[in-house]
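**Student:** Sequence:
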Amino acid sequence: MKGSATLKKGYDKFQYYFPCDRVLAKRIFKATVHSTVALIFCLIPKVRERLGTEPAMLPLISVMVHPGRRVSGTIQGAIYCVTGLIFGLAFSLLGRFLAQRCLGSTWHAIEEKQQLLTNYGSYRAGLAILAVFEIIMLFVHGWMRSVSHHYFGIVFPLFLVVHFTFLAPLTESAGVIANSFSTPFYLGIAMSLFWNLTLFPEFGSTYLGNTTVVTLNEIHHSLNNAIIFFLSIDEESKKLYATDAISSAKLLKMKDNIAKKVSACSAITEECIYEISYSYMSPTELQPVTSKFKDLSIYVSATINACQLEFMLLGHSHNEHDLLHIDTEKEIRHADADKLTRVLLKVKEPIFNLHKTLSDCFYLVKVILARDFDVELDKVRIPKAFENDDFPTFTSKCELPMNIDTEMYINNLIKALVQFDLSFREELSKIDADLLEPNDEMFLLASFLMNLKEITNTVISIMKSAQEIHNKRIEREDKGWLRGKSVWCVALHNRDTFANWFYGSTRKNPQGTENESLAGGNSIRFNPETVPIRPGYEEEELLSQQAPSLVNPKDFEKPETGLPTTNIDELATDTKKSRTSSISVFKNWVRKLLVAGNKFVKSSKHHFRFGFQVTVALMLASFPMFVPESRHWYVNIHGAWIGFVCILCLEPSVGGTFWVFFLRGVGVIVGAAWGYLSYVAGVNQTNPYLEVIVTIFGAVPGFYYLLGTPYIKAAIIQIISIYIVMLAAILPGSIKGNILQNFGKRCLAVGYGGGVALLVQVTLFPITARDQLNAEIAFAVGCLAEMETLYAAGIEGEALKLSLSDEKYERFRKLSEATKSALTRASAYKGLTRQEPRLKGEYTELENVFTQIIFILKQVVERFDNNVLLRRQYGSAIAEELNSIVYPYRRQYVASVVNILRAVQEAIINKTPLPQYLPSSRIAHRRLINKVRETLKSRYGTQLHKHMDATESSEGGDSQKDVNSDNLSDSSDSGEDIGLVIKPKHNVNMKEREFILKEKFLSWSASSSASEEIIEYIEELVELTKILVGVNEFKYGFLSRPLYEDWAAEAVVGFADFVSQTQAPRKPPTRGRELDDSGIAEDELNSLDDDVFDSNSDVEAIQPVALPTDDHVSRTLARMASNTTDHSNRKTSSKWRRRAYSIGSGMGKDDLNSLTKVQTLGESNFAIDDDRSSDEEDELPLVLKRIISHK
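In my numbering, the protein residues as written are 1 to 1191.
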């Protein structure tokens, strides 16, 4: 027992440091077998004779075109390699032919040493021609790699062939060169395809099925937890479910998990669409299901956001009796938690019934897809949320029935949705006054219910698609194994699918790197080694503020029209007109050419930059090969190795230049050392069997890093170095040298070639990660401003029949995708910036600030996506029906949000302080809501007078409270817009109006809830931007820059106080006249605002309305806050709190860093992934803590 426990502990520790799953292990095995067989072929003399003069190219190409990926990826890599080989051979043979013509008719008879002595001028001219061809090839190589990472598989074989053939003696004929650089390539590619198809073949159908089921598991699990969280408002709710509600921190992390799974599934779907597979079902038949995942994930994330709002509302309503914690009024604090609780208690049963049916259907969809796409049923997660769950579960395919009645389950789900909708309408019909009076509790309730309804509709659509898939599978199984299965190759259906497959499905918006295309899809995810640069055209196409700087060439197509003139000599006039016309045409042609050239240069500046870098670096590394006096020396020291290392150390992407150079240098040295060890183990080639076995132990770790980590090229150099160093000493050739000399030459190659690459990338047009981080953040903020502008339709008062057109939706979708991609790149840049040298102090604090900013922008994008989907589905009652009245208020709100975002964007990209005063989007939004409430009362008040009378008589106190709190921003709205008030309509059909408002108005209410959250996050974005660039404060614009320590301390302490108060027993409300100065600590009095205690009347005017004194609220909130928070250790004295809020705080830096990093973000200096989730890290982000605590 003790021994097994020790082994298990050791295995767990190994998996922690070197994670490896079954798929990765199979891929490593295939790649190792392929490279080992290639090495064995090079050691067999009879086989080696067939490989030409360069047999070492066989193990080299076996690493580049490895079989450790899916079938389609291997075929694609083979096609790319053959393409590069063909063009490289043709180009190199042309260059060698011209160089040989310079040597005259004796080029094949006189060796190069004799040419140097007897025919120096012609020999130098021939090498000059080779240098020109080399420069052209290098620039094309760099350009193509910068255009798309897919092209690395083409241009790298092109470089290998051209560079190595130009080092070959000019006395060799074209036939010898073609054989030497064709046979090893073709044999290596054929072997890769053979091993890929015979050893653990990976077809797209099953792989996509596994990914789809895993994604559905994550969505299903998150949805169950979100609904349980939302309904856990009292002790009675616990009886409905078998599990307790999880903490809000874990619920928040589920959104990140869903986003990762959906993004991975989307990428794999695009790849597997063009897979070659042999199965019953084609990968394309899953596309109707996977295409709905993005919308489904947006709806589920919106329900989680509603749970966070509910937590904030219940907590603040529980704490509002405490007058010692009066703070800035935030939007959700206007809501009445008692009213929300009463409504939730009434609709709890319909929600639970719908949830139960929805969960059963979700599980059924996963089972059907797993069965039809050959996925093991143990990967289907069984829901355990319900106490008495009578729905059948399956653990193996033998338990599945032959025919599953999916139609019955679809009808059951539709009936549950209809029943839920009717119950909800019935409850709302009793509170029509509340429905037509916009308030925050209705915004929150509408956000949850509308998104839950859309989740159900989406699942119904997925079930119908799954039903069609299941029927097809049954039909094909009935035909038998031979006739039912087919070879699916969608890439060859038409020209478009073949182009997408060949060029890469994301060629228009490349997000990957060369490492990803070489690895063929990593099984284990780490931080990326490099990050692709954002395409230059993206900013010009998506951001409208760039449009005025662009000139459209079509503007010059109109001919210049002159004034009408008369002339006696018509011939002279015609001649003059023709001359003027020709001059005008020439001018227009020149203008269009200049404009097109300018646009081309702007969009291709990154391609020019990297092409120039590659050309300069390689010519500095390999110029001796084109100098007659040094060519022979350069060949003897294996100069080709120098260029090989140099080209792999150059990156078109942004990365830690020094770190990349260090890793690849280590890879070369380790590989060369292992090759030396293998040669020595073989006792100078007397025991080749042991020699080969030793190389396997060096190749397996290399392939692990190649296939399972982002350090792809370092692993490639390491594996190739093992074989190259050995074969250089084993194979007979013109370059003599023992194993130790070859080891030294390989180390010289990494020192010289890698050093040149590092020097060029640092000094010649360098691109730093910190500049790219600022650019990506600014770009994302600019995209958010554009999204807000697109979403705000009709802000000029025009009548709208459709508040969101298809054209606007498509543009909005592109902006959303571009923003998410920019934030993904920003997260990667944030980690790479830590690896760059810095002269301005420690980067940790700035990294924490950027972490919070990226989190804020991700949350804002989520809210925008949800708003657009709801508007596209239901429209907007306010924008379509009341726009003629409320459009000035909508315009003011949109303008304030856009102005704030533009100010933040310019401040970050230009590193300039924010202006002193920014428009308040909070006040603008509150005025809009007040105006909507007033307009609805005026227009439909007579239709609801009965309900209004009943409501006013029963809830007079609550109405008075809402009016007082909601009109805090502008009390003069009702007086200044009397002329816009429309008289009540007495002839409107109440049922018809009810139907319209139930859908469109609830959609607007849900969107308003998200808008309030957007305002919260934008305000925190401004505060964090002040920490980065400062703010011009006071009358004359003095620069002020808050400290991150103060901001973080406020968030942590405020949230700790918030949770501590919810745990404390409830106290009766304390009236202002009962406050006694002697009973309050002096430091507490000093920390409060002076105007709060100026008069007792002011205190009495702000009286909170206490909820019923139930202890279950505090217990529920404490459980929701965090499962790992030790509240007893977080109660801090008010004296320390006052110091934490001060800019001049004397707080120790180390203490604060430990507070902010360990309690909130974890150890940021050593974190592999900021977004990783674990049970031990159950903490909310600082931004969310700050928003919840309202500090």
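Certain hints may be false.
Below, simulated DSSO-like cross-link-like pairs (lysine-lysine); rule was C-alpha separation at most 30 Å, straight line [unchecked claim]:
| # | residue 1 | residue 2 |
| --- | --- | --- |
| 1 | K379 | K294 |
| 2 | K113 | K453 |
| 3 | K464 | K808 |
Simulated from the structure, these hints should not be mistaken for laboratory data.
As the structure is a computational prediction, the values presented were derived from the model and not from experiment.
**Student:** It remains to establish, for every hint, whether it holds in the given structure.
**Tutor:** Consistency of the hints with the structure:
Taken as a hint, the K379 and K294 pair is honoured in the structure, with Cα atoms around 22 Å apart against an allowance of 30 Å. For the given pair, K113 sits about 83 Å from K453 by alpha-carbon distance, which is inconsistent with the 30 Å threshold. Note on K464 and K808: the hinted pairing holds, with a Cα-Cα distance of about 29 Å set against a maximum of 30 Å.
When each numbered hint is compared with the structure, a violation occurs for hint 2 only.
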